[in-house]
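With these hints in hand, go ahead and build the complete structure from the sequences.
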Amino acid sequence: GCSGGDSGTSTADGDGGYEIAFVQGVAGDEFYISMQCGIEAAAAEAGATVTVQGPEQFDPTLQKPIVDAVVASNPDALLIAPTDVTAMQAPIQAAADAGIQVVLVDTTLEDPSMAVSQISSDNAGGGAAAFDAIQEAHPEGGKVLVVSIDPGISTSDARGEGFEAAVAEDPNFESLGIEYSHNEPAEAARIVTAALQANPDIVGIFAANLFAAEGTATGIQQAGKQGEVTVVGFDAGPAQVQALKDGIVQALVAQEPATIGTDGVAQALAALNGEPTEAKIQTGFTVITADNVDGDAADAIYKSSC
Amino acid sequence: MSIASSVPVLQARGLSRQFGHVRALNQVDFEVFPGEVTALIGDNGAGKSTLVKALSGNLAVDSGSILFDGAEVDMSTPSAVSALGIETVYQDLALAPHLDPVQNMYLGREIPRGGLGGLLGFMKTKEMRAESKVAFDELGATVRSLTSPVGEMSGGQRQAIAIARAVHWASRVVFLDEPTAALGVRQTQNVLETIRRVRDKGIAVVFISHSMPHVMEVADRIQVLRLGTRVANIPAENTSMEELVGLMTGAVVHEQSPKESDR
Amino acid sequence: MSIASSVPVLQARGLSRQFGHVRALNQVDFEVFPGEVTALIGDNGAGKSTLVKALSGNLAVDSGSILFDGAEVDMSTPSAVSALGIETVYQDLALAPHLDPVQNMYLGREIPRGGLGGLLGFMKTKEMRAESKVAFDELGATVRSLTSPVGEMSGGQRQAIAIARAVHWASRVVFLDEPTAALGVRQTQNVLETIRRVRDKGIAVVFISHSMPHVMEVADRIQVLRLGTRVANIPAENTSMEELVGLMTGAVVHEQSPKESDR
Amino acid sequence: MSITKPPTETVAIGTLDEPKQGFLQRLVRAQAFQILLVLLVIVLIFSALAPDTFAQWSNFRLIIQNASILAVLGVGMTYIIITAGIDLSIGSVLVFSGVVSAIVMRALGGEGWGTALVGILVAIACGIGWGLLNGFLIAKAKIPPLIVTLGSLGMALGLAQILTGGVDIREVPTVLTTTIGYGNILGTIPTISVIALVVVVLGAIVLHFTRFGLHTYAVGSSELAARRVGVKVDRHLIAVYTLSGGLAGFAGILSLSQFSTTAIAGQSQTNLNVIAAVVIGGTSLFGGVGTIFGTVVGLFIPAVLQNGFVITGVQPFWQQVAVGAVLITAVYIDQVRRTAAMRGSSQSLWRKFVSGGRRG
Amino acid sequence: MSITKPPTETVAIGTLDEPKQGFLQRLVRAQAFQILLVLLVIVLIFSALAPDTFAQWSNFRLIIQNASILAVLGVGMTYIIITAGIDLSIGSVLVFSGVVSAIVMRALGGEGWGTALVGILVAIACGIGWGLLNGFLIAKAKIPPLIVTLGSLGMALGLAQILTGGVDIREVPTVLTTTIGYGNILGTIPTISVIALVVVVLGAIVLHFTRFGLHTYAVGSSELAARRVGVKVDRHLIAVYTLSGGLAGFAGILSLSQFSTTAIAGQSQTNLNVIAAVVIGGTSLFGGVGTIFGTVVGLFIPAVLQNGFVITGVQPFWQQVAVGAVLITAVYIDQVRRTAAMRGSSQSLWRKFVSGGRRG
Ligand SMILES: Nc1ncnc2c1ncn2[C@@H]1O[C@H](COP(=O)(O)OP(=O)(O)OP(=O)(O)O)[C@@H](O)[C@H]1O
Ligand SMILES: Nc1ncnc2c1ncn2[C@@H]1O[C@H](COP(=O)(O)OP(=O)(O)OP(=O)(O)O)[C@@H](O)[C@H]1O
Ligand SMILES: [Mg+2]
Ligand SMILES: [Mg+2]
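Residue numbers (the numbering used here), protein chains in the order written: chain A, 1 to 306; chain B, 1 to 263; chain C, 1 to 263; chain D, 1 to 360; chain E, 1 to 360.
Bear in mind the hints are in silico, worked out from the structure with no lab data behind them. Errors might be hidden in some of the hints.
For each label pair, taking beta carbons as the anchor points, the in silico distance ranges come out as [as the list claims (entries may be wrong)]:
(1) D:P51 to A:P276: 33 to 39 Å
(2) A:D246 to D:V167: 31 to 37 Å
(3) C:G115 to A:Q242: 48 to 54 Å
DMTMM-like, lysine to aspartate or glutamate: derived pairs with alpha carbons at most 25 Å apart [unchecked claim]:
(4) A:K303 to E:E171
(5) D:K142 to D:D234
(6) D:K142 to B:D62
(7) A:K245 to E:E171
(8) A:K225 to A:D201
(9) E:K232 to C:D92
(10) D:K142 to B:D92
(11) C:K133 to C:D200
(12) C:K133 to C:E193
(13) E:K232 to C:E127
(14) B:K201 to B:E237
(15) D:K232 to B:D92
(16) B:K126 to B:D137
(17) C:K124 to C:D137
(18) A:K225 to E:E171
(19) A:K245 to A:D294
(20) C:K201 to C:E131
(21) A:K245 to E:E111
(22) D:K140 to B:D74
Keep in mind that this is a model prediction, so the values were computed, not measured. In this text, a Cβ means the ideal position worked out from N, Cα and C, and glycines have one as well.
Right under this line is the structure:
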């Protein structure tokens, strides 16, 4: 479980509770851990047990064998964040064909019709919101940069695209494009230091995930540009919030993983119990800044343990 | 005793080769004639093995030229050289340790199956095994297993395999770089006899050895290297062990230009 | 001729060792006495090198026991064996090819600097170089560079380095597995002389060679292996080359129990 | 020297030799039999733990299906590692070939075999191209394989991203996905696995029975020796890397069929996974030894472990720990058993080297 | 045989020998000088392209700072590769050590040197622990290094995730971040780089001048020879893997200081990057050859390339392609120049092998 306990083990309980399997997009990510917390809380209330699995990378070729094995273990319901809209289509279809109730969480599929429900975040909207935060801090405009993970990852690609689209609408801002950190803070730091060297007039950097944000913060500190560059991070784990409070990051775009998890369990249970389900739920996001972090945005912070 | 002709099958002129500060070959002339056993002798580090490598396409020289049958031909790679009918037993043998004796014997010259199988690369394994056995037996080699990797075999067994291979494939020249160093008494006699047999087929044999008795036993002509230079080129009957040893160590110096002594 | 005592410094009883289907050693008895040169001879693949490896801690035997100074001691690793004062020149030499002659000479026995430097592992490089040079000179080795990797050197140069190393460190027994195989005439004579000198210091020398003249020249006692079994153990003066060759090939069979022939 | 010439008796050749060995015997004895036993033990343990879920054909079927693409890559990698080389680029070449093939098929349009066939050929051709480049740089320019294939890893992936603009292509002819990707033969055997099996069997036959295979061992055993006897070492190395590249290209089309997407962010672990499988299977990184059969077994050990752990509900973090521990244990047991089979040859360094033991 | 004993003239020893060489000469000649030239050329090219941004001390300072942690890891890896081994686990061991150290420091509380010192010792101890395990399994259980360290890679990472529940720890004593992480010496030289330099210099001295270093080369050059002359090969291998583990643990605390986070999933490429640097620096994967100096140069080539490409505004996708291509080219040029320096020895296979040319 998210606290490192034993809640991840499915116990074949005799009380007739449902078995719910949750397959993350990538293991060990605070976003999915928060989602897991929501799922486990909701499941505990309903007397269901939860098994959690996830690949080491956000990579369909690694996720597919896991899904196949989960399907073989024959749970009652499957909550899954597909790592690719087409690649995961067939394995998830196979789960549905095996009589498992499928709920798509966070990401979705090309043809989600087999799922009882799809609950997704608006990643593109989150990217646009990140730009809004930079715009607000630097109304005069300037150069902006995106530090992403790897090309081909649907969620971070959508964030980057949303951000770039928003930049394009404001003639005062110039985008330096998207750089890829390969999910390594050190790589992000190297990119950011070099970019600042070449373009000392960068006003904002959008870091598309946690490691990108951490590396960006390190790079800015190395270059001695704290306070001059507005860094907007995506996701709001405890680490990011700490960075926000330290003034390294100026804003965070928070999704609602716990809500996704809770809703996901609710939809799955509804389907299992033959109740009506909601085909599509869109969850929103919150922009957290130093001003509202202890106030009305406090609830949006992800949990690292339940 | 020899059926030597007067055109050298292989002739080197002014070969030089330096390694770092060591001049391994220094303007070496060298020639071998068909149907003749040429002994190449010299002190340790005199450059004998380096010369053999240069003449078998394994080492680029800094200067000098090599003629085959009187003409310059491509001798820059081992495969080009073996295509000319020149085979070599290297001092460090160079067998593939993970392969068995038969595979080593036929490496690069495998007998293909007939028809489609052959085109696809399938081989006549049984035939190769049988022929290898004959070749090893001829040398009295004590190879105890034809399917064990040669890396597991004794020094003498490996040497016998390398010799069998070279003798089997050579059609014009065979270089034997200290072939009997690891061999038993009986195997050594067999190899010396094999050398004579090969010579009698009209093939030129270059025999490198530190054993003067063996040299005197089979050589028709003796060439002496000293510190990378040929210091003597004499018919075997005109010399003695004492003179040879003196030539190798520099105690005796031949007052001769190489040209004069040629044949 | 020899200052031999009557207690063998090293004694093997009933050693056997099988590789797959090959019985390399078959109930071999073997003993060497201080101040005596024991020649170990046999055909290729007779098991000589295997016996040497077994007696130098490089090979576990299937059965049999080894006594040092009449007592069983730990001889399971090469370092335990060299701690007893036993050194070996292996047939395949086993030098570290990337290291230079001096480093190879002193490998595992480096001379530490005095004081703190020594504790930290710094070495007296100059001293080691000077002593190595003396040791090589003694053998008349033609090592041309003390700083080039030995992997670049000629066969004879490498062999000389290995011999110099073993002779330098041995205090009780030295095994020489075909030490003169790659050596020049002069170097061979030096090695034979060195063997006598070492023997006269009271060290036991085991000399393996296929050259019967060399064996007759230095050996005090000759032990013959055939197909993994000791078939003879005779004082050198009581035998002839013909008899030895016969024993090795099986043409002559000694009707003797090993016990009777002991000394 | 007056030695009477001794009788030239024909001694002992082959007389103490092992009885003649058939194909199966050779395979089993040589390399991979012990590790197969380890795999069977793992399967048995999980079967006992989860008889209803793990020990089902439907589950094995999926494990086999998921290992199929890696098996195709493993054939090429086995050849390369036997030559003492390495190929880090296979994952990227797979992606690149898939991308180019997908672009071509999209341009052609159509969902039928015509388009698909062109796509297959294009993918293989792309892979061969990268393989040729790798092989040429390694054999002719004498650059270490690790550097060459690390470089082409980056280049192939970068070019794939440039070609797609970083956005996966998802238009794949339906015939590919329905037949190769998810089709079955005899109702239940995945087509993709049958294809992989054919590749594996062909690869094994070529490696163990032909001149090409023999030269592969020879080059890895001693490049110097092979060169000296006239084996065209450079040409052979180029051929081996080209083979690996071509198989990676073919794997690219298999991956397209299975995932219906070019998955450019995927395959990041592929090279290490395949190399690990080859080494688990008993092939030495120092060259000269190895079997395709071993590689296939080596692929299944981590695959079965992961599947079993997921099914028995082991936490993902613990899975990593357990897979690591079992990997080491499996190879250790293999080691010990092989040594024991050699009868106390534990001191024979040569043998250890030959069996890839110590340092592979 | 009646050969008159020839005069035992003292021939030629050392007479044709090169003039005696000092430390610098040896370093330069031996391995890494050519590749240093390649690095300088790359620096010059970028300096010409972007004199105002690239060719600034402020920029070089950052490049050096960012390479510091990898340099510490590179020292250990160089030793390992010289013994013909490999260590894939360094990235995971770094993470694990950082995690344990962060947990201990969090438990102790406090932002001062007391806590930090405990943390440093704990990190190094953790690294040593993993190194010992690796070394023991490799030297005593005779399991191939690739398998052992692949296994411990998974185990260390899994345990790190279990310890933290997958959530990075961000509480790091401020003294660490302000001094080691971002502090400067002499106003402008990053403290972390000075620390790395000390490790590098110590590593080089031990490798090139002590018994320990000599035995490292000996084990890699011929394990058999080293064993036969009584070098305690097993003990030495354990020591070398322990050294690498300890340095990875130390790098863990450096990483904590620099990034103020345990960055659990963030070291997946570290092992390959470091191995590549070692090989670029002229160390052969087949053992027996290599220098620390070469490794450091080998680290800077990709680092400078990446920095230069970002500064000159090369598109990210093209960057990967360019880094790959330049890597191959750099090693090729190094190769050619070294060969030329040997005067036409291009045919000497032995030399190629020695210089790590062909197959390393
Ligand atoms: N690849 C190499 N690199 C550097 N030096 C070399 C190389 N090969 C040979 N040498 C040197 O060249 C000289 C001649 O060596 P070569 O092997 O030809 O001698 P040789 O006459 O065969 O001696 P031996 O009788 O000992 O076999 C030696 O001093 C040797 O050290
Ligand atoms: N590691 C090994 N594995 C398998 N067989 C071996 C191994 N070592 C030796 N043998 C075999 O054992 C037998 C004895 O070999 P050994 O090397 O002791 O012979 P030798 O008497 O030294 O011969 P030579 O005079 O040729 O050096 C040979 O048949 C050899 O093939
Ligand atoms: Mg020679
Ligand atoms: Mg022997």
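We went through each hint and held it up to the structure:
1. D:P51 to A:P276: 33 to 39 Å: 37 Å, holds
2. A:D246 to D:V167: 31 to 37 Å: 36 Å, holds
3. C:G115 to A:Q242: 48 to 54 Å: Because 51 Å falls inside the window, the suggested range holds.
4. A:K303 to E:E171: 16 Å, holds
5. D:K142 to D:D234: 10 Å, holds
6. D:K142 to B:D62: 21 Å, holds
7. A:K245 to E:E171: 13 Å, holds
8. A:K225 to A:D201: Distance ~10 Å between K225 of chain A and D201 of chain A Cα, so the pair holds.
9. E:K232 to C:D92: 20 Å, holds
10. D:K142 to B:D92: Measuring from Cα to Cα gives roughly 23 Å; hence the hint holds.
11. C:K133 to C:D200: 23 Å, holds
12. C:K133 to C:E193: 18 Å, holds
13. E:K232 to C:E127: Holds, because 24 Å separates the two Cα atoms, which is no more than 25 Å.
14. B:K201 to B:E237: Satisfied, since the Cα-Cα distance of roughly 22 Å is no more than 25 Å.
15. D:K232 to B:D92: 20 Å, holds
16. B:K126 to B:D137: 17 Å, holds
17. C:K124 to C:D137: With a Cα-Cα distance of about 20 Å, the restraint between K124 of chain C and D137 of chain C holds, given a limit of 25 Å.
18. A:K225 to E:E171: 22 Å, holds
19. A:K245 to A:D294: 10 Å, holds
20. C:K201 to C:E131: Distance ~20 Å between K201 of chain C and E131 of chain C Cα, so the pair holds.
21. A:K245 to E:E111: Measuring from Cα to Cα gives roughly 18 Å; hence the hint holds.
22. D:K140 to B:D74: 19 Å, holds
Every hint from the earlier list agrees with this structure, and none is contradicted.
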